[in-house]
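Chains as they are written, first to last, in our numbering: chain H, 3 to 341; chain U, 3 to 341; chain B, 3 to 341; chain G, 3 to 341.
It is worth saying that the hints were derived from the structure and are not from the lab. It cannot be assumed that every hint is accurate.
With a Cα cut of at most 30 Å, we get these calculated DSBU-like pairs of lysine-lysine [as the list claims (entries may be wrong)]:
(1) H:K129 - H:K119
(2) G:K119 - B:K117
(3) G:K340 - B:K220
(4) H:K185 - U:K340
(5) U:K25 - B:K57
(6) U:K188 - U:K302
Far from chain B by the CB rule (all over 10 Å, computed), these chain H residues [stated by the list, open to error]:
(7) F133
(8) K144
(9) Q169
(10) R191
(11) M202
(12) N296
(13) I333
Quick look at which bits of chain B chain G covers, simulated, 3 or more residues with Cβ under 8 Å [unchecked claim]:
(14) 41-52
(15) 68-77
(16) 120-127
Glycine is no exception: its CB is placed at the ideal position from the N, C-alpha and C atoms.
There are 4 protein chains.
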Amino acid sequence: MIINKHGNVIENIKKDGFKIGYKIHNLVSDENLTYQAKTTGLAIIELSNYFINNKPDIVFVIADRFETIAASIASSYMNIPTIHLQGGELTGNIDNKVRNANTCLSDYHFVCTKKSKQKLIQMGESKDRIFNLGCPSIDLAKESLTIKFEKLKFFKYTGVGSKIKYQDFIVVLYHPVTNEIEKTRKNIRTLFEVINDLNMETIWLWPNHDLGTDLASKEIRSKREKNKTNNKIFYVKHFDSIDFLVLLRKAKMIIGNSSVGIRECSFLGTPAVNIGSRQNNRERGRNVIDCSPNKSDIKKAVKKHLQHGRYKCDYLYGDGESGRKIANQIIKFKGELKP
Amino acid sequence: MIINKHGNVIENIKKDGFKIGYKIHNLVSDENLTYQAKTTGLAIIELSNYFINNKPDIVFVIADRFETIAASIASSYMNIPTIHLQGGELTGNIDNKVRNANTCLSDYHFVCTKKSKQKLIQMGESKDRIFNLGCPSIDLAKESLTIKFEKLKFFKYTGVGSKIKYQDFIVVLYHPVTNEIEKTRKNIRTLFEVINDLNMETIWLWPNHDLGTDLASKEIRSKREKNKTNNKIFYVKHFDSIDFLVLLRKAKMIIGNSSVGIRECSFLGTPAVNIGSRQNNRERGRNVIDCSPNKSDIKKAVKKHLQHGRYKCDYLYGDGESGRKIANQIIKFKGELKP
Amino acid sequence: MIINKHGNVIENIKKDGFKIGYKIHNLVSDENLTYQAKTTGLAIIELSNYFINNKPDIVFVIADRFETIAASIASSYMNIPTIHLQGGELTGNIDNKVRNANTCLSDYHFVCTKKSKQKLIQMGESKDRIFNLGCPSIDLAKESLTIKFEKLKFFKYTGVGSKIKYQDFIVVLYHPVTNEIEKTRKNIRTLFEVINDLNMETIWLWPNHDLGTDLASKEIRSKREKNKTNNKIFYVKHFDSIDFLVLLRKAKMIIGNSSVGIRECSFLGTPAVNIGSRQNNRERGRNVIDCSPNKSDIKKAVKKHLQHGRYKCDYLYGDGESGRKIANQIIKFKGELKP
Amino acid sequence: MIINKHGNVIENIKKDGFKIGYKIHNLVSDENLTYQAKTTGLAIIELSNYFINNKPDIVFVIADRFETIAASIASSYMNIPTIHLQGGELTGNIDNKVRNANTCLSDYHFVCTKKSKQKLIQMGESKDRIFNLGCPSIDLAKESLTIKFEKLKFFKYTGVGSKIKYQDFIVVLYHPVTNEIEKTRKNIRTLFEVINDLNMETIWLWPNHDLGTDLASKEIRSKREKNKTNNKIFYVKHFDSIDFLVLLRKAKMIIGNSSVGIRECSFLGTPAVNIGSRQNNRERGRNVIDCSPNKSDIKKAVKKHLQHGRYKCDYLYGDGESGRKIANQIIKFKGELKP
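The following block holds chain H by itself, in its conformation from the complex (with noise of 0.2 Å):
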C-alpha cells in the first residue's frame, strides 16, 4: 500500500474490514518537479520488492494519481495480472497520460461507463478483457443516501476561518493543475472573490499534495490573515469520504474543479460549477456547467444553478451496485496476461 500524508486512507480501509498487509512510504518532498517522479520511482522499488515477497495473484491499479503507475509497471514488470479501474475516461492533464499508461499496462480494465469501453477498444484493448462495472466511488455515494446529514458529527472536523451553521451551503474543491503552475495562483485568487461576494456559508476544502499545494495553501492562509473575507468561509483540510458525499447531497452547489463534481454529483444531483481544463473531456450529465477561470463566467455558471436548483439522480458512472460487481468478476478471473 502507498501512503500519502493527506487524510486518513488507512483507516478507512481498516473500517471497511480489510487488513493493510505492508506499509510504503514513498513520498518525496515537494519541493521542487522531480517530487512525483521521485515519489514514482521510490514506489515501484518497493512494490517489486513486496510483490516478490507475497506474490500477489492479482494487482488492482486505480485510476490516475501520477504514483498509481508504480503499480502497474512494478506488477506487468513481475508478469503479475493487473487490473485496472477508470480507464477510458478523459480528462485535461498529466493523469490523462497516466491513466492511458496504465490501460496500455494492465491486462483488465475495469471502466466506469459506455464510453470508457469504447475508447479502450479504440485503444486496441481487448472487448473481452474490457468490464463495465461503474465506479466504486458510487456505491459510496448511494451509502450516503442512507445517512441523515443531522446525525453527522461535521464539528469533529477541524479547520480554521469562520464557523458555519452547514444552512444553505456551498462546497469549494479546487485542485492546482500541475502543468499550469503559473496560473493557479491567479485563479484561487478570483475563486475566492467569486466566493466573497456571493456571501454564502463556504467550506473550502484545502487542495491534495499534487505540486502547487503550497502554492494554493499559502493563497488561502494570506487571504485569510488578511482578514479579506466575508465571514462565512470555512477551510478544512479533509472529510471523511463517506461525511463529505452527505455533506454534498446537502450542499447548494460545488465549485472547483474535482471530479467529485462530476462523478459523485452525478448521483447525487448536486449542482457542480468546473472551473477551467482539469477534468476536460471527462463525461458529465446534466448537473455539470463548465466555465473558464474568470469571475463573470463563474458567477454566470453559479446563478444559473443557484436558479435550476439540484438535479436528478444520474446512473452514467454506475448504480452505486459496483464493489459487489468487481468482487464477483475478479474472483472468476484466471489471471491470464495480456497476449
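Put chains U, B and G on the given structure of chain H with help from the hints.
Here is chains U, B and G on its own, set in the frame of chain H:
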C-alpha cells in the same frame, strides 16, 4: 543516459560525434523478477534529478525496452515535452505494454510505418503530433550498403566455439521471452538442434539482458562444453551495429526472434526466419517467414528461404533518411505539451 | 550537492564565488521515522552516480547531520579520498553516531579543537591524518565583527509575531531532540513560559528539519494563535549566516540547544544558556551555562548571564582563519586512502 | 533480510529453524564502482520501510561487509537499539571503515576477542555495552568436529577443473582487494603459479561478489581454458558452511586472504598462509603465516606449514559456545539507545 552492461553503446554515441552529458548506472542485478522494475525505479529517480539540473528542452524516448518508460515518466511528470520513437508498432510481449505506455506519456510521436500512424490515431493521439519519418535503424542499414564486406574486421569480435570463414553463413539471434521463461530453455535447445543439423557456418549472438539471459547463456554454454555441436558455430556476444548490418547483408539468412530480422532485414533483403511469439503482429515484409518454435517448422522455413535466396529492398520501415528528417522536425517544435 | 528545503544554502554558496556542479534532490517527506534513512539512501544512490561521472579528487564531508553519511559512504565505497570536518567532537544524540561513523569512513580529518584531535587518535585514526585547523564557522564569526549592526537589513527577514526594535534582545534557537520526541513539546512549552516571563525582546528561530519539526512549529504556532504571548516575540524561519552572527554579537544572550551558542558564541563572547542533552559533552568555553529543561533552572541561568554580560573572545573552536588553512592543506594532499 | 546472489544463505537460515520474514533484493549490478554504494542505498530505503512496518525490538548487524552499514543506518536513524557483532577487529581495507562505522552507529557490541573489547573502549564505547561472547562462526567450527569427513557428500558440489580424491589436499580462497583492483589480477596469477608448482590436490573457491570478482573469475577461467594447469585443481563456487569447515579440518592447509584462515582455522588448527593486506592487523594465532603476494614468499610459507602440520586448537575467537551466550544476552537487554 541510461547504461546497461551489454555492448558498447557509449562508444557508438561518441563515434557519432555526440558528447555524453551524464551516465546513469541503474542496472539492478538480474537475479529475480524484481530487476526490471527496480532498474526502472532507479532510472526514474536519477533521470528526474538530471532533468532538473539540466533542464532539457525535449526528451527523446526510444521504442519499448522496459527501462525506457523511466525516461517518459520522468519527463512527462516534469512537464518536459517528450518525443517517442517507434510508437504504434505491435509485438507480442511486455514490450507492447511498454511501447504503448510510452506513447500515452509522450507528446510527439515519430512513427516508422503508415500502419503505426493509424494505430496511434486510433489510440487517441492527435494526428498533428504524429510524424511518420521512418526508423533511424534503417539509416544504418542504408549506410551498411556502402561498406565492403571484405573490409570488415570481424576478427576483432572475440567469441567462443568454432572459427568460421564467413562464407555461406547464417546468423542466429534468439532472445528469451519475458513471460515465457520456462519455454525459453526448450526453444533454445530446439533451435540448437536445427542449426546443428543444418551444418552451415553459423554466427550465434548472445541474447540481451532481459530476464532469462542467464538461462540462455547456460544452455548455450552447456552445449558448447559438451562438444555436442558441429564445428561451424561461433558464439559471440556483440557486434558493432554497423558491422552487424554488413554481416546481415552478406548472410544467407537470420534465424531467431529479433526485430532486426523484420526491420533492418526488410530493407537489406535478408531472409529471416522468425520464431515464436516475440515479434507477433509486428509489420513485416516479404523477407520474413514466421514459424512456431518446433523443429520441423523451423526447418521448413529455413529450406524455403534457402531456395529463394535474398529479397528486394523494402521501404516498409523507412528509406534510410530518417535521422535527417527527425532532426529537421525536432528543430521545428515549439515544445507544447499534449493538451 | 545535497539539498534540503530550509534556508538558502545554494545562494550562500554562489555568493561565496563557487559554481554549483550538480544538485541532488533527495529529501523524503518527513511524515515518519523512515525519512532520515530514506533520505540518506537516496543521497547515496545519486551521489555515487555523480561521483562516477565527475570523478572528484577528494570528497569533503561536513560534521554530523544524518545525511552527511551518504557522502562518506559513497566516496569511501568508491575509493575516493574523503576528508571529514569536525570529527572528534562530542554531543548527545544520533549526531554523535553519525559524526563518529563519518570519522571511521574518512581518510583525513580536519578537527576544530585540541581535544577532538586527542579523541580521534584514541579512536585509532592515524596522527598524521588529523589536522586541527579550526572550524570554518568561526571564520564567519570573525567576519561578522567587521559589520556594523546598524547597517544590517533585518527588515528583510519576514516572520510572524511582534515587531521588535532589536534593542536588548535575546535569541532563542531550540531544536527537537531526535530520540526524545515526546519531551520536545513539553520543553518548548517550558521555554516559552520562561521567555514570556522574561519580557525582553526575543527573536525565536524556527528549528531545522530534523524529525519533530512539525511538532515544534505547531507548538509555537498554537501559542501565537492563542495570543498567549507577550508582545515582544518575533518568530522567524531563517537568517543568513552572517546576519545571524551579527545579531548574536549584539544579542544579550542566546537560549536553546543549538551548537551556535557553544561554537560561534565562544568566539563572539555571547552568553549562552544551553538546555538539555543535545549538546552534551561538546567542548564549551566560559560563555556557556548548561541547564536542564526545567523552568527554574533556565531562569537561574538566564539571570546569571544577564548579571555578567558578554564574555571575552575564546579561540576554543578556531581563530577565524580556518578556511584559508583548510584550502592550503587540501592542496598538499596526494589523496592516499587510509591503509 | 538482505539478499545476495552467492551461496544459499536463505536455505541455511531455514535449516537452522528460523522463519524468514522478508527478503530485500537490493543488489545493483556490479559493472562499476557505484555498485557497492547503490546497493547500500537501496538496502537503507527498503530496510527502513520494513522496520517501520514490523517494528523490531532490536536490530542485529553483522561484521563488516559493505552493505551491513545499511542495517545500522536504518536502525539507528529510526531509534531502534542496534547490536553489532565483531566490532573492534582490525583488517586492512574498506571492511575496516565499515566495521568501525557500524560500531559507531550501534548501541551494543558483541565482540569476539579480548583485544577487540579494548579497542572499542578506546574508541569511546561504554564498557558496559561491550560483551566478549566469542564469534558464532567458531560454534560452527566446533560443530564440524562432530562430523566424520568420510560421511560428507562433497560430490554434490559441482565445479570445473579436475576431479580430486580429497587426499592430502589444500584449499585456496583468495578475495579481490577492493582498493587494489589493479593488483588483484597479478596476485591471482602468482597464486596460480604457486599452486601449479605445488602439485597437490587443490580445492579453489570462487571469490565472493566484492568488486573485482569478474576479474578474478576471468583469470581463473582463462587459466583453465588454456589448460595451463596441473590436473589437480578443482574450482568450486560454494560450499555449505559446515561442509567447508569439515573440509578445512581435513585440509593440509588453506592459502589465500580469507578471514576463515585466521578465525575458524585458529580453532580448527588448520595451517593458513595469509597473503597480502586484506587481513592486515587482524588478530591471529599460531596457525597463520603471513606473506606478501610474491611467489617465493608464498612458497616459503607453504613449505614451513607442510613441515609443521596441523596446530593445536586455539580459543582466540571463541570457545564454540557463542550462539548460546548471545541469545542469553539479548534476552537481558532493555534496549536502551546509547546516550
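Comparing the hints with the structure gives:
1. H:K129 - H:K119: Given pair K129 (chain H), K119 (chain H) holds - Cα atoms ~8 Å apart, limit 30 Å.
2. G:K119 - B:K117: holds (23 Å)
3. G:K340 - B:K220: holds (29 Å)
4. H:K185 - U:K340: holds (18 Å)
5. U:K25 - B:K57: Holds, at about 12 Å.
6. U:K188 - U:K302: Distance of about 19 Å is within 30 Å: holds.
7. F133: holds (36 Å)
8. K144: Nearest chain B Cβ is 33 Å from K144 (chain H), so the label holds.
9. Q169: holds (27 Å)
10. R191: holds (20 Å)
11. M202: At about 27 Å from chain B, M202 (chain H) clears the 10 Å cut-off, so the statement holds.
12. N296: Its Cβ never comes within 10 Å of chain B, the nearest being 31 Å, so this holds.
13. I333: holds (35 Å)
14. 41-52: holds (count 9)
15. 68-77: Coverage by chain G holds here, the residue count being 5 at a Cβ distance below 8 Å.
16. 120-127: It holds: at least three residues are needed, and the segment 120-127 of chain B offers 4 whose Cβ sits within less than 8 Å of chain G.
Checked against the numbered hints above, the structure violates none of them.
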